[in-house]
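Chains as they are written, first to last, in this note's numbering: chain A, 736 to 924; chain B, 736 to 924.
Hints in this document: simulated from the structure, not taken from any laboratory.
Misleading hints may appear alongside valid ones.
Any copy will do: because identical chains look the same in the list, a pair fits if it lies in one copy or spans two.
Stated by the list, open to error - Think about it this way: if two alpha-carbon atoms lie no more than 30 Å apart in a straight line, the pair counts; the simulated DSS-like pairs of lysine-lysine are:
id, residue 1, residue 2
1, Lys877, Lys755
2, Lys904, Lys861
3, Lys877, Lys781
4, Lys842, Lys878
5, Lys924, Lys783
6, Lys842, Lys788
7, Lys781, Lys904
8, Lys854, Lys796
9, Lys755, Lys788
10, Lys878, Lys924
11, Lys877, Lys788
12, Lys904, Lys877
13, Lys807, Lys788
14, Lys783, Lys904
15, Lys878, Lys821
16, Lys924, Lys877
17, Lys877, Lys783
18, Lys755, Lys842
19, Lys878, Lys755
20, Lys842, Lys904
21, Lys807, Lys904
22, Lys878, Lys807
23, Lys842, Lys924
24, Lys861, Lys821
25, Lys878, Lys904
26, Lys924, Lys755
27, Lys807, Lys924
Protein chains: 2
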Amino acid sequence: MKQTRREEIIQAATQLFREKGYGAATMRDLAEMVGIEAASLYNHIKSKEEILKLICFETAKKYVVQLDFIEKKETNSVEKLRALLKLHILMVTDAKDAVFVCNNEYKHLTEPYLSDFQKIRRGYEKRFLAIIETGIENGELKKVDSAIALYTFLSAVRWLEIWYRPERKIGAEQLQNDVCEVLLSGLVK
Amino acid sequence: MKQTRREEIIQAATQLFREKGYGAATMRDLAEMVGIEAASLYNHIKSKEEILKLICFETAKKYVVQLDFIEKKETNSVEKLRALLKLHILMVTDAKDAVFVCNNEYKHLTEPYLSDFQKIRRGYEKRFLAIIETGIENGELKKVDSAIALYTFLSAVRWLEIWYRPERKIGAEQLQNDVCEVLLSGLVK
Chain A
736 MKQTRREEII
746 QAATQLFREK
756 GYGAATMRDL
766 AEMVGIEAAS
776 LYNHIKSKEE
786 ILKLICFETA
796 KKYVVQLDFI
806 EKKETNSVEK
816 LRALLKLHIL
826 MVTDAKDAVF
836 VCNNEYKHLT
846 EPYLSDFQKI
856 RRGYEKRFLA
866 IIETGIENGE
876 LKKVDSAIAL
886 YTFLSAVRWL
896 EIWYRPERKI
906 GAEQLQNDVC
916 EVLLSGLVK
Chain B
736 MKQTRREEII
746 QAATQLFREK
756 GYGAATMRDL
766 AEMVGIEAAS
776 LYNHIKSKEE
786 ILKLICFETA
796 KKYVVQLDFI
806 EKKETNSVEK
816 LRALLKLHIL
826 MVTDAKDAVF
836 VCNNEYKHLT
846 EPYLSDFQKI
856 RRGYEKRFLA
866 IIETGIENGE
876 LKKVDSAIAL
886 YTFLSAVRWL
896 EIWYRPERKI
906 GAEQLQNDVC
916 EVLLSGLVK
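For reference, chain A alone in the conformation it holds in the complex (with noise of 0.2 Å):
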């Protein structure tokens, strides 16, 4: 009963962190989205960090045991990267807010934290690259510069944490399709 509380606390805040940002989000304004007493909050949770810390690592933590699965694979190349594609797109359609909080917000993470935080996205980084760069090696994909394949694939699909809305017309699976089109064979017929 009190996890399923802490639970409604961290996903408001989620919700909060995204829509006003970090630094002028108060646990008084998240008391009043969960219905309770701001000094009630601290029964579930220990700081307004602890949250944030807790979103970032959290959702860090569910790309590299995909990256982790993924790697793993016994495909090729391609399969992997439209594999980690699908898998930025997914994470979006699924927790739009957590994915923005996390991929914005993580600059208020205190240190160790913050350091921490960086590591695990510069080794997840780091991970994608070789997988570009052996595609590159293995003749399986073009020979540009990997970094600049590395940074357009992660980039390309950053609107979607502004964008994407349950509503909208376009689904996951066809925005799975298309943004993985474009980046693998390319808009051109």
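Based on these hints, arrange chain B on the given structure of chain A.
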């Protein structure tokens, strides 16, 4: 002479707004950067917002002027898209801070300037979209959702405004070639 000092102030402000954010940047910071008394700034510019307006509208105008030119070119949709992608990259390699401020700090414009600015942006995106739609209709481009293609393109080049530094080993030409290659022809061989 006065014009030159004014330009110097605007250039310093562009860097300041980018580094500190428009909200946190003060006229005192700006005066220090330029090396004059804060009160003297007002001989050259009216207010902090006047500078933000200048940066946003001047930068937006550069995109629109080039779009006018690209639309009128007697060439196919693919070459128009290539020219647009190159324009977005060139804007960053030429004036990274102004592009960053224009893309991120415009939110601080007050009305009616905010609405005017957003109207320019929407108009630009609509015309970019029309080029993609023409290309899909006449069979030059693949039948993906045109909005997905548009935002994937616009988003794909956004990392540059954070990442690009003139001292990087990767220059403007390679950026243009590799980004166009990935987005137009795909990373897969």
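Starting from the hint list further up, note which numbers the structure goes against and sort them upward. Numbers 1, 3, 4, 5, 7, 11, 14, 17, 19, 21, 23, 26 - these are the hints that the structure violates, sorted from lowest upward.
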